[in-house]
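K.L.:
So the chains spell out like this:
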Amino acid sequence: MELVLAIGIAVLCASGIYLMLRPRTFQVIIGLSLLSYAVNLFIFSMGRLRVDAAPVIDHGTVDPALYTDPVPQALVLTAIVIGFAMTALFLVVLLVNRGLTGTDHVDGREQR
Amino acid sequence: MHGLAAHLPVLPILIPLITGAVLVLFDDRQRTLKAIISFTGLLILLTAAIAMVVQVSQSEGVSTISYAIGNWPVPFGIVLVADRLSAMMVLLATTLGLATLVYSLARWHTSGPSFHSLMHFLIMGLNGAFLTGDIFNLFVFFEVMLAASYGLALHGGGSARVKAGLHYVAINLAASFLFLIGAALIYGVTGTLNMADLAMKVAMVPAADRGLMEMGAAVLAVAFLIKSGTWPLGFWLPATYSVAAPPVAAIFAIMTKVGIYALLRLSTLAFGAEAGASQGFGQIVLLCGGMATIVFGVIGLLASRTPGRMASYSVLVSAGTLLASIGIGNPTTTGGALYYLVVSTLAVSAFFMLIELMDRVRIEGANVLALTLEVFGDDDEEAEEEVGLSIPGALAMLSISFCVSALLLAGFPPLAGFLAKFAIISSLFNPEGLTETGAISPWAWGLAGLMIFSGFATLIALMREGINTFWATLSDTPGPVRVLEMMPVALLLGIAVGMTIMAAPVMDYMQAAAEELYLPGGAVTRILETPLVVSVEAVH
Numbered sequence: 001m002e003l004v005l006a007i008g009i010a011v012l013c014a015s016g017i018y019l020m021l022r023p024r025t026f027q028v029i030i031g032l033s034l035l036s037y038a039v040n041l042f043i044f045s046m047g048r049l050r051v052d053a054a055p056v057i058d059h060g061t062v063d064p065a066l067y068t069d070p071v072p073q074a075l076v077l078t079a080i081v082i083g084f085a086m087t088a089l090f091l092v093v094l095l096v097n098r099g100l101t102g103t104d105h106v107d108g109r110e111q112r
Numbered sequence: 001m002h003g004l005a006a007h008l009p010v011l012p013i014l015i016p017l018i019t020g021a022v023l024v025l026f027d028d029r030q031r032t033l034k035a036i037i038s039f040t041g042l043l044i045l046l047t048a049a050i051a052m053v054v055q056v057s058q059s060e061g062v063s064t065i066s067y068a069i070g071n072w073p074v075p076f077g078i079v080l081v082a083d084r085l086s087a088m089m090v091l092l093a094t095t096l097g098l099a100t101l102v103y104s105l106a107r108w109h110t111s112g113p114s115f116h117s118l119m120h121f122l123i124m125g126l127n128g129a130f131l132t133g134d135i136f137n138l139f140v141f142f143e144v145m146l147a148a149s150y151g152l153a154l155h156g157g158g159s160a161r162v163k164a165g166l167h168y169v170a171i172n173l174a175a176s177f178l179f180l181i182g183a184a185l186i187y188g189v190t191g192t193l194n195m196a197d198l199a200m201k202v203a204m205v206p207a208a209d210r211g212l213m214e215m216g217a218a219v220l221a222v223a224f225l226i227k228s229g230t231w232p233l234g235f236w237l238p239a240t241y242s243v244a245a246p247p248v249a250a251i252f253a254i255m256t257k258v259g260i261y262a263l264l265r266l267s268t269l270a271f272g273a274e275a276g277a278s279q280g281f282g283q284i285v286l287l288c289g290g291m292a293t294i295v296f297g298v299i300g301l302l303a304s305r306t307p308g309r310m311a312s313y314s315v316l317v318s319a320g321t322l323l324a325s326i327g328i329g330n331p332t333t334t335g336g337a338l339y340y341l342v343v344s345t346l347a348v349s350a351f352f353m354l355i356e357l358m359d360r361v362r363i364e365g366a367n368v369l370a371l372t373l374e375v376f377g378d379d380d381e382e383a384e385e386e387v388g389l390s391i392p393g394a395l396a397m398l399s400i401s402f403c404v405s406a407l408l409l410a411g412f413p414p415l416a417g418f419l420a421k422f423a424i425i426s427s428l429f430n431p432e433g434l435t436e437t438g439a440i441s442p443w444a445w446g447l448a449g450l451m452i453f454s455g456f457a458t459l460i461a462l463m464r465e466g467i468n469t470f471w472a473t474l475s476d477t478p479g480p481v482r483v484l485e486m487m488p489v490a491l492l493l494g495i496a497v498g499m500t501i502m503a504a505p506v507m508d509y510m511q512a513a514a515e516e517l518y519l520p521g522g523a524v525t526r527i528l529e530t531p532l533v534v535s536v537e538a539v540h
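Line order of the protein sequences matches chains A and V. The opening position of the first sequence corresponds to residue 1 in the numbering used here, with each subsequent residue numbered one higher. The opening position of the second sequence corresponds to residue 1 in the numbering used here, with each subsequent residue numbered one higher.
In case anyone wonders, no lab produced these hints; they're calculated from the structure.
A few chain V residues facing chain A, derived, Cβ under 8 angstroms:
hint : residue
1    : V140
2    : E143
3    : A147
4    : S159
5    : V162
6    : K163
7    : L166
8    : A174
9    : F177
10   : L180
11   : A184
12   : L185
13   : Y187
Selected chain V positions facing chain A (Cβ under 10 angstroms, derived; list incomplete):
hint : residue
14   : F139
15   : G151
16   : A183
Yeah, the Cβ is synthetic: ideal placement off N, Cα and C, and Gly gets one too.
Using the sequences plus the hints, can you model the full thing?
P.N.:
This is the structure we're talking about:
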């Protein structure tokens with residue numbers, strides 16, 4: 001499972017970076033989204049991979065070994081929300097740029 | 001401690017949050033009402049910031065006040081930490097906020113929606129980033145600050161701003177992802193996100209995991225270096241700052257300092273004297289990166305043809321000087337660097353506002369006509385015909401302000417810029433105090449030389465600009481300069497002049513702040529033992 005997750009993060013990250021360096025604004029925003037998925041999975045994996053373990057701990061004395069680490073899950077939730085909001089904001093700027101310059105090139109004009 | 005005083009560390013975040021939220025409720029057409037609410041909110045915030053500085057400066061030794069924000073015990077809950085450094089940064093951010101807000105009331109606050117709310121949220125993000133004691137919470141406040149700054153960067157509209165804004169948003173999103181990767185790696189190795197707890201855990205990291213932890217710290221540092229505009233990560237900065245609306249650019253002057261603040265805070269906490277094998281990790285990168293930034297900034301400054309770009313490159317020179325001084329890793333140098341931080345931020349901020357006012361006394365196509373124009377026209381009578389509150393002698397005020405900010409930026413006597421550079425260079429050549437004779441490292445020679453060189457280059461660039469504006473190309477009918485626009489410039493420069501006169505107490509404060517940073521033991525203990533509020537039910 002570690003291998004699958006690592007390959008998944010690597011593929012997302014590589015395609016994200018490739019797209020982010022492309023000259024079209026739409027490619028850039030898709031690249032940023034893919035990169036944010038890669039980062040979210042990465043944060044998640046930092047809590048170590050556990051199957052069939054709950055992240056919520058009950059009252060009283062408990063054995064922490066029975067539970068998975070809840071902190072990265074909380075972090076991922078925050079990161080998803082913030083990343084989503086920022087991507088939406090980027091989308092607006094992208095559309096305004098398209099409207100003002102009439103091109104979807106990141107520099108606002110086609111390369112000669 | 002009773003009442004509000006006990007909650008002092010949270011006030012600089014809460015006040016702008018509430019003010020900004022209240023301002024959203026009012027329509028943009030109710031300009032006067034919004035301006036009054038906005039201004040009042042900032043005055044209350046300024047009171048809180050001053051109270052915090054007074055409180056930390058009165059304490060002997062460790063000045064740390066820590067505040068458990070959700071009343072959870074420390075390594076688990078988020079804490080806010082106010083000490084000399086963070087209180088000073090909060091006061092600086094608030095002062096800049098107040099000055100830029102007053103400036104924008106003359107004209108700029110009407111040229112885009114929700115200007116006041118965005119401004120307050122930006123200040124909230126800045127204050128939060130300065131006060132937080134938790135790495136992930138730092139990320140959240142960074143994002144609050146950035147989200148507001150995206151809106152402000154686009155304030156005023158126009159395709160130049162949108163194009164620069166697009167690049168600005170993209171690069172900051174990428175930097176945020178690096179921040180997350182770094183924070184996650186550090187959490188994965190040490191199991192904590194609390195900065196004080198991290199300081200304790202760093203020394204205990206086993207040798208096998210140390211590389212991973214240092215990699216996390218390095219990735220995190222890259223994110224901060226992008227924000228602080230370090231070469232080669234800072235090419236976005238001149239493009240964005242030079243097209244932003246003047247009051248916006250003026251408050252953005254402190255945004256690079258947030259990256260530097262975070263680097264200083266985390267490197268002294270996590271890689272200080274008690275860090276074991278990781279002690280001093282990455283300092284050489286700060287030093288080299290800072291020096292490269294100074295060189296890049298100076299070249300850009302000399303090559304700039306517009307004052308906006310000139311001011312943007314001064315931001316880079318200031319950031320480079322700060323980074324390199326921090327990279328030396330000597331408390332006395334850092335003390336001087338903190339003094340320089342305040343002075344250069346005030347000067348750059350005032351300069352961004354001055355640029356717009358200077359544009360009004362300059363005629364169209366000034367650069368072409370510069371050589372052929374008659375120098376003095378009888379513009380006095382015609383100036384009085386202008387509608388609006390023209391100050392008599394507005395031109396005199398402008399040129400004096402320009403002169404003061406140029407002296408501050410270049411670091412020439414007799415003003416505070418010189419004192420700041422002198423403090424840094426003096427500590428470079430006397431690394432073990434004035435009474436001891438220690439070995440001077442080649443890095444110290446290099447940095448001192450670069451700082452003096454950058455001062456000369458700044459002076460040349462600004463003098464050329466000043467001559468072109470005030471002596472060569474005066475318009476026959478200068479546009480009106482309103483008192484409201486001149487006041488904030490005078491306020492910021494006045495504070496810098498005040499810091500020159502009151503140099504001894506201010507410098508003592510900075511040195512105390514720096515020494516506290518490099519001996520974090522007392523602060524760490526105090527943060528880990530943050531008192532919790534006992535609930536009423538628990539008492540009974």
